[in-house]
Structure formats: structure tokens, C-alpha cells
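Student: Sequence order for the protein chains is S and E. For the first sequence, position 191 matches number 550 in the numbering used here, and the numbering has no gaps at all. For the second sequence, position 17 matches number 208 in the numbering used here, and the numbering has no gaps at all.
Keep in mind the hints are simulated off the structure, nothing from the lab. Certain hints may be false.
[Claimed, not checked] DEER-style ranges, computed between Cβ atoms:
hint	chain 1	residue 1	chain 2	residue 2	range
1	S	Arg437	E	Glu270	41 to 47 Å
2	E	Ser224	S	Cys745	27 to 33 Å
3	E	Asp502	S	Glu696	46 to 52 Å
4	S	Pro464	E	Asp486	49 to 55 Å
5	S	Lys771	E	Arg417	46 to 52 Å
6	E	Gly573	S	Glu749	36 to 42 Å
7	S	Pro366	E	Ser224	30 to 36 Å
Ideal Cβ positions, reconstructed from N, Cα and C, are used throughout, including at glycine.
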Amino acid sequence: MELKTVPLYAGIDLHTLHDSRHVSNRLSINLCVPLQADTVTPYALLGEILGRSSQKYPTFAALNRRLYDLYGSFYDCRVSSLGDCQVLTLMVQGIDDRFCLEKEPLLTQLADFLCDMLLCPCADQNGFDAQLVEVEKKNQRDEIAAQLNNKRAWALQRAREQVFCGQPAAIPRLGWAETLDAITPASLYSSYRRLLREASIHIIVSGSGALSQVEEPLRRRLSAITADRRPLSICHHSVPTAPEKTEQLEEMQMNQTKLVFCLAPCPPFTAQQYGAVRVAMALLGSTPFSRLFVNVREKESLCYYCDGRYNRLNGLTTIDLGLDYKDCARAEKAVMEQIQALQAGDFSDSEIEDTKKYLLGGFASMGDSLGELDPWYLAQIIEGRCQSPEQAADQVRRATREEMVTVYRSLKPILRYTLAEEQHPEKE
Amino acid sequence: MRYDRQIITHPALGSYTKAVLPSGLTVLLYPTSGLSTTHCILGCKIGSLDSGYYSGGKLVKVPAGTAHFLEHKLFESEEGDLFLQFAKTGANANAYTSFDRTCYLFSTTQQVPQSLHILLRQIQNPYLTDQNVEKEKGIIAQEIRMYDDDPDWRSTTEILGCLYQHHPVRVDIAGTVESIQEIDRDTLLAVHGAYYDHHNMVLSIAGPIDPQEMLAVCEVYCAQQRDFSLERVPIDEPRQIDHPRAECALQVSAPLVTLGFKEQPVADRYWRLVDNVLLELLVGETTDFYRQQYDSGVIGPTFGYDVFSGDSYHSLLFSCETRQTDAFVDSMYARIEQARRQGLREDDFHRVKKGLYGRYVRSFGRPEAIATAMLGAQMLGGGLFDTYDQVQQLTFADVCRRLEQVLDRRYSAVSVVWPKQ
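Could you build the full structure based on these sequences and the hints that come with them?
Tutor: And the structure:
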């Protein structure tokens, strides 16, 4: 399966991935802009607005009736942060035309539907529908507040904010509740026009259908926004940096403490190292037989999860676990012992091979899932590369022990962040 | 080796082999063309609902959380963690426990027979020592504490506690930090001996497999005929709910409210499908009710409903994060009454039916979905393609009839997870 790219207009590319093995087709329109403090909140709000209605489907009921008519197709509109890039994604996935009971051309109907949602929102020259904006502002405010409901994700987010302080990667995905207050239907419409002007637009169409069928309708529909486009280039500048206080503690009323270690590579990893980085990080903490899983969870019996992850787009490695507050020091000792052992090259050839097998299995199975392939290629495109899962697998195969040791040795701890249970007896 | 096997075919969706081996293990094999991944699940009919069984006429009580504890321990062998063995074959393994089953699974693109050998060998041979059982308590205690901070989980636990008086569905799948202290090596060995018999298990595999090759592996472990009998403690649950309201507080941003209706258990899976359609037509995203409540801020994007159902329990749940907790509950009751008076929309029924067909077809794109559905259907006494037939058979009249039978306010309860001050 090979990604084929056709430029439709300046800054608007159509990428297709055809594979006859699938039973469905997936289309995503991804609007990519630099992650910026002044636009993050309104652009995130646009995700809510464009996800719920359009001129053709002015109510959520009408929209969902249409989706049922399209054989229960799944539609989603969401905003994400990838490195220093904010992405607004409109995505629809439905069964392939060959399964349609009335032989309808579902794929082209899905393309048309997606264009309706992006290009014909519930708005006029004065701005978006005022009631719609008010309702979605409230929902976004609630969603921002609700981020603390997931304590693990909250602790990781708080740690990221410290190590990327003042940099784009610290900007929260949904923006800030305070900024929402100033947004009006008219200002939001201006933001929408600006997004259409300044975004690099990547359309990814994947599945078993005759994907070329959607090129002409997409080209025709998108011609409406080509007049004054000035797509912004996307660069990834954020670098994880040790904050002034490298040990930080916050408290919350909860049942389990969350401990996060942030590490940064010094010097930063290069693209040529990615194969070794993948193997090294998986062996450290991303598999159920990783060093952290086996030693911190299984041997020490300290926690239910202890994961190590590396984010290629922002360069940050995190290790996080949930445990009793009283065990934090023991856990830190156990984690650091594993890192030091790996830095000393204290790992076996069979551990390397097992980890490679695990990763290669993941790459090989990726082709079975449109839901994995689409985001994979989007991340590649945003990173400025276009590596296929097969090419990434080759890089993993070639990774050597020496390269892995180099990866481990370049990792420097920059923050220990603890989100602790309030009123824990051990702390009183 | 001689044993029952049959090929079950659907004209549009393929075919699979069903075999019952001499040991009693039911094996389901769905070969996919083209896809790279094989997904394999070995399921055992033991879950958190299994609170006890009879052995030699005597009742053996099982501490809450035992099925889940055993699931953790069966991934450990004398040679070390089972994950390490699966790593050698390139398989990605996992396990989970639900109310009525425990499943062990792996996904892989290579060496499927080798991984299957590991799975079948290990699950029959638990490696339990006093030391490794004690060690696991720390890990499971942290898992329980993690869920204690999860508002959705807490809300579900609270509402089930309201609706059910004695039924073990009201107890957390993992048990409590206290109940797992009662579990020791002997408990686990006894429960394993009682439940982990091949007659009580199903193996389901979907992917680019050769069924003959898979059966050859199974035959190694399933040749021996065995007698099996398991008398579970019957669940005697009255129609009445336990209490109408529960409240707790967590560090969350907004109240999470759940309205639950306790229904009579349904034996036929068709009625679960009918109830799903009923809830969609009643309060789903195609309804004007949804839009009105959404626009007025009573519900938001977190609103959802669920048909929560098993052999011995059946509940219909509605939940949402909302600051208007009373208005949410009142509006749901009012909507049910309104629908009973005015009826449901038949045009939407046909839409939903068409959508169900599409979603069902879409699930055949993933070996994981196929294997999971095949196992689930078998454990409930059905087959993989039953859902297709049930969707075809769905009638609007059945949905309307069901509305008259369920969602009785007298059997409802409310749980609220409040934000801590």
C-alpha cells in the first residue's frame, strides 16, 4: 500500500492509500496551522462548531439522520496538537460501495458530506449562528475544566506545561476558558476564514474504494477557498527544558498519587536515530515486557502501570506511574536504576530482538486498520517526512545495541512532577 | 482426531469453522483474506458475578475480585511473565475480566501456532506460589485505587449499587482493597480447578489463518475427554431496586449524573438490540429531544446511554456531566412519558436500522472485532451472523412494544458524582 499525493491547489494536497482488503473507506480533511496562543482557543471551538452542524444539516438531529442514511457512517471533528502544530480534523468513515444495499456511490457521498461540513457552516456574513456559538462555548469551557477528571492525563499535562514553559508545546490543546469569553459569532467567523486561508490542508482518503473518484469532487468543492490562501509553514521549535524547580509537587483530593518523570535528549535525536529510539523506548517502558513493567510493576509491586513514552514531535520522554504517595521514593529509585542499567548497556541481545519483534508486529498490523494508517501518515506529513510503516520497520530492524546505548545516554532528567493525594497520612 | 466441526457461511460476510474438541473446548476460526493481523481470544465463563459454586454439595464462597485476580496470575509462569514468552513470538498479549467472562488474547502478524501453544499451555497450568500471590495484591490494589479516581467508573458502580439488592453486579469487578486480602493461593487453585475446564471455555481466532493448522495445535491440548460439571450459586435478585439515590464526591469539574432503570433479564439477544434502537429513538442524537436539551444546556457532549445486559441482569442507563442534575433526571422521565403518549418516529427507525447494518459490516474489517464478536455470540449461545439476521428482523412494532414494557420509573435510581469542594 503506497501513499500517492496529488496537489489540488497551493497548500492543499490529496493523499490516497488504496487497499482492496478493507471493507470501508475513510476520508479526513486536516487543517494544519502553527500552534499559537492567540488562535488555539477559537480554532478548538471551531472543532465543536463544525462537528455539530452545517447549512445543509442545521441541527444535530439532521446531521445524525444523514449519517444513518449513509449506512451509519462515523463522523468526527476534533482538534489535536502534533508538536508545534494545531490540527483541525474532519473525518468520516463508512462502508465500501460494494456493500451498499441499493448500490449507492457512498464514497463520493461521503466526500460531499465532508465538504459540506467544512465549507458550508451555519453562518452568514455576520458570523456563526449566535445560539450555536454560545452553546459550544459552554461545552468547550466544560471540556477544558473536565481535563482534571482524568488524573493521569492531567499530571502529564501539568508536567509538559513546566518543561515547555513559554513554548508552543505548552499550549493546551483546547486553549483557555478565559479566552472563550471574548469570542463572538463574528470573531469566530473571522477565525474560520483565517483558518481556511492560513492552514496547510491535507486530505487523506484511504480504503478499498475507487479513491480517484473523489479527486474531482474535492477539487471542485475546494476551489471555493483558493482565492486568498496564504498557507503558513509549520516548524517544530519547542524543546523540553529543565524548569527552575526540577522537583515539583501539587496536590489534589484523590485516591492515588501520580508520579511523572520528564527526560530530554541532549543532543536532540535525529531522524536517522529513530529506529534505535523506537527500540530503546519500547525496551525502557512501552511494552508489557519492558524494563519498567517487569521491574517497577512486577518485581517491586509498586503500581499498576509504569510507562515510558517518547514524543518524536516535541522531543520529550515521559515516565509515569500511579502509586501510593509513601512509595514515591522507592519508585524513583527503581526507575532510575533501570535507566542507569540501560545507559550502561546492561541489556541482552534477546531483549533487543524481542522488542524489535514486538514493534515489527505493530508496524505489520498497521496496514489492517484505516484508523491507524490515517493518523500515522498525518504525523509523517506534519513532520515533513513521508515514511511508510514498512520503512519505519526497516529502520527498527537496522537498529544496533550501540545506537540504543547512545539514545539512553543522551536522556537527561529535567523534571520530577508529583500530583499527590491531599491529606495523605504520610505527608502530615 | 474425530470431533464435531461445521462451517458456518454467510453469503456476504464470509464463513467460519466451529469445532468442539474432545476436551470440550469450542473453537471458532474465521480466516480473513488479505489482512495481516491474527487476533486470538481464549475466553472462560468466569467473571466477577461468580461469587461462589458448589463442590461436593458444599457451598464454596469466592471473595470479590477473585476472577480478576486469577486473570492477573495466569499470565505468570515458572519461566517468568507470559508477556516475555509472547515477546519471543512477536505477539502482543493482554487479558481482561468482565462481569461474566475472563479473556486472554493476543494479536500477531507472525508465528500464530507458536503463540497459540503458549496460550493454551499456560491457561491450563497456573503457576501460583504464596509469594507471587501476595506480590500481586500490591499491583491490584493500585489498579483499584486508579479506578476509584475515575468518575465514570464510580458512577457506574454507584448506580448498580442502587439498582441491585444482592446481585454481584453491584460489586466492582476487581473487588475491593479489603476483599483481595482474603484471596490466597488455595482460593485461586480451587477456583481455577472449578471453572477453567475446556467445557467452560471458547477459543476464537480471526485472521489470515489456516483452520487446519489451528486445529492441529488445539488437538495437542484438547485430546482428552473429561467430565465437567459446575454448579454456580444461583442469583436471586428481586424486582425491586435497593435504594433510589446514591451520591459521592470526587475531584471532578462538574457533577456526573446517571439515571438507571432496572429491567427484567432478557434471554434473547434480539431484545438487547431492540433496546439499543429504542434508546436511540427515544433520546439519541437524531431526536429533537436531544437537540432541545443540548441547546438548553441540560445535556452536553458527554451525554450517553447504555444497554447494560447479561444473562442475569438487564439495565438501561443514561448519563451525563451536567450542572443541572435535577433537570436532567426530570427531562429524561418526561421524555419517556411523552414518547409513550406520542410514539416514536418510524422514519428514524428505518434510518437507524440501515445504520446498524453499515456498522455491522464495518466491523468485519478488523480481525479483533470479528474474533471478539464470534466469542461473545458463542458465549451467549449464538453465532457470529445472528446479529445480521436480527438487524434484518427488527421491526418498528417490536420497538414500540418494548417501550411499553421497560423504563418504569418505579424501578429507577439516580447516582450523582459531585465535585469535591
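Student: All hints are to be evaluated individually against the structure, with a verdict given for each.
Tutor: Do the hints match the structure? See the list:
| no. | hint | in the structure |
| --- | --- | --- |
| 1 | S/Arg437 <-> E/Glu270: 41 to 47 Å | 44 Å, holds |
| 2 | E/Ser224 <-> S/Cys745: 27 to 33 Å | 29 Å, holds |
| 3 | E/Asp502 <-> S/Glu696: 46 to 52 Å | 48 Å, holds |
| 4 | S/Pro464 <-> E/Asp486: 49 to 55 Å | 34 Å, violated |
| 5 | S/Lys771 <-> E/Arg417: 46 to 52 Å | 58 Å, violated |
| 6 | E/Gly573 <-> S/Glu749: 36 to 42 Å | 39 Å, holds |
| 7 | S/Pro366 <-> E/Ser224: 30 to 36 Å | 35 Å, holds |
The earlier numbered hints that this structure contradicts are 4, 5.
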